[in-house]
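Just so you know, the protein sequences line up as chains E and S, in that order. The opening position of the first sequence corresponds to residue 1 in our numbering, with each subsequent residue numbered one higher. The opening position of the second sequence corresponds to residue 1 in our numbering, with each subsequent residue numbered one higher.
Any given hint could be a false lead.
[Unchecked claim] With a Cα cut of at most 30 Å, we get these calculated DSSO-like pairs of lysine-lysine:
1) Lys-82/S with Lys-204/E
2) Lys-204/E with Lys-57/S
3) Lys-204/E with Lys-203/S
4) Lys-175/E with Lys-57/S
5) Lys-82/S with Lys-175/E
6) Lys-203/S with Lys-244/E
7) Lys-57/S with Lys-132/E
8) Lys-203/S with Lys-175/E
9) Lys-151/E with Lys-82/S
10) Lys-82/S with Lys-148/E
11) Lys-150/E with Lys-203/S
12) Lys-57/S with Lys-136/E
13) Lys-57/S with Lys-246/E
14) Lys-178/S with Lys-150/E
15) Lys-82/S with Lys-150/E
[Said to hold, decoys possible] Partial selection, computed: residues in chain E whose CB lies under 8 Å from chain S:
16) Pro-146
17) Asp-147
18) Phe-198
19) Gly-221
[As the list claims (entries may be wrong)] With beta-carbon atoms standing in for the labels, derived distance ranges:
20) Leu-120/E with Gly-150/S: 44 to 52 Å
21) Arg-26/S with Ala-208/E: 40 to 48 Å
22) Val-45/E with Thr-29/S: 54 to 62 Å
23) Glu-138/S with Lys-132/E: 47 to 55 Å
24) Val-148/S with Glu-42/E: 49 to 57 Å
25) Glu-138/S with Lys-270/E: 55 to 63 Å
26) Ala-208/E with Gly-150/S: 46 to 54 Å
27) Thr-29/S with Thr-211/E: 43 to 51 Å
28) Glu-42/E with Ala-28/S: 52 to 60 Å
29) Gln-69/S with Ile-40/E: 29 to 37 Å
30) Ala-63/E with Thr-29/S: 53 to 61 Å
31) Pro-180/S with Arg-149/E: 22 to 30 Å
Because the hints were derived from the structure by calculation, they are not lab data. Note that CB positions come from ideal geometry on N, CA and C, so glycine has one too.
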Amino acid sequence: MQKILKEPLFHFLLIGGGLFFLYSFLNPSAEQLDNNIIRIEESDVTRLVKAYQQNWNAPPDSATLKSLLKEEIKAEVFYREALRMQLDHNDEIIRRRLKQKYEFLVKDLADSQQPSAAALQTFYEANGNLYKERVKYSFSQIYFSPDKRKKPLEDAQVVLAQLKNSPATTIDNKKIGDNFHLQNYFAERDYNDVRQLFGQDFSKAVFANKTTGWTAPIRSGYGIHLVNITAIQAASVRSFSQVKEKVEADWKISQQQLYNEQLYKNLLEKYEVEYDLEKWGKE
Amino acid sequence: MIGSSDGHNSGSSIEENNHFGKLGNRDATPEIRIGKDEAFIRVKYFSAAGVAGVWAKENTRDAIYDALQRKETFATSGPRIKVRFFGGYYFNNTAMDGDNWLTDAYANGVTMGSDLTAGPRPLNSTPSFLIHAIKDAEGANLDRVQVVKGYLDGDGNAVEKIFEVAWAGDRTIGTDGKLPAIGNTVDIKNATYTNTIGAVEFKTIWVDPEFDATQSAFYYLRVLEIPTPRWSTFDAHTLGRTPPGDVAATIQERAWSSPIWYSPEGEARSETEN
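Put together the whole structure using the sequences plus the hints.
Set out below in structure tokens:
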């Protein structure tokens, strides 16, 4: 049994059966089509009301519902006539949509699979690059505004000389510098985080420091900053237990891709594909 | 109010110094964009793309859509200028001092995109506005902040009036009511500019000197950068040519806030008036 469950052919039959079932469920019987009967069921009304409510945050009143139903009947008439005229043939949008629906069936199958702990562990080890943690810096900063000072860089250098001789606990960043529109302390930020807040030049200068402590004054687009790096967290791969949920999601995506490829391979065997190898290249 | 692009490249070409066109191969190179091909010369007049700004509590889909729904959004012509705009009846002179001014502003007033009439209002009071504009960390300094007020005059004509509220440098408003230009550091030949003029940020409290409690009005912010080279000037520099004469060689990029609406009846505008 275990072996059968793993057999691609079994998956194919399962999907095939599912498709057949779905088709007969979603499509009106041939008889109904032939007799040109359009029957609005309770379930159709519920569906229309639900869709309307989702768009407008309120149920339709009776006049609106009436016009919704009229539209629904009109759509069904046109839909059936179009099918009779085979207007769905050679239509790129319809073709793409049906292909997508077919692929969704495979997605449902992949979603229903429960991976074993060992399978997840193997996947995690083989795909470490998906679970990387970047280098992160924690730092505080004192701001010297060019709007408020004639020589912000010189002012910062004077303050820096004093700070280097003071114990860290006595320093109140806010009282020394100028008001800044962001906070004075930033915890565990990577290069891009810092770049988004202060610009590229500042981020480069901060991340060029390999030790903690006060750096030389750093210039950003906003002015001059005295930066005290308090912690540097090296790049790492997050542990399995930290990222287990993501591993499971990634595993499912990879399974789905695998199923899709397998399914396509099986289906393709039913077909004889003719094309000019010389003209269009070989597979 | 948001800024955006009309690009067809699946990428927003927002930077003047990194403009890659909007129409795929049809305007993909400097030669085509500012070249002599009269058949497709229109691209020369297109601006680089704009940017949508959103004040969200966190960088999540929910928080961003919440901000869009309450219209706490702003637009820029490309740079990442940041703009705050609050209106209210309970702001005093120190409303923008201290570390918690933002929290207090949210509690005591309304944000951009809101009606000023919401909530209780003291009798005979004039609203005041909190204005905060911050330059792009990688971009040009700021020239000035303006408030644009719109209302209907006695004859029912729509009027838009511009108030200068904060500016960089030593300038005074002239007798014509206008603030002189800030100057221009752009070197057109080399497509460069310097941040030796302009300000990093503006933070100010403003009261409409012509406020009329019986008159409906909207107010929005406009923040201007100092002049910088237009994308066509960068393209001309790349090609070692003179910039095209029929478009501006320098521009003043800008940001616009969503408006705050004042109405005298003390009711929010109905949904249908939006």
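Item checked: Non-conforming hints, listed in increasing numerical order -> When the structure is compared with the hints, numbers 6, 20 and 23 turn out to be violated.
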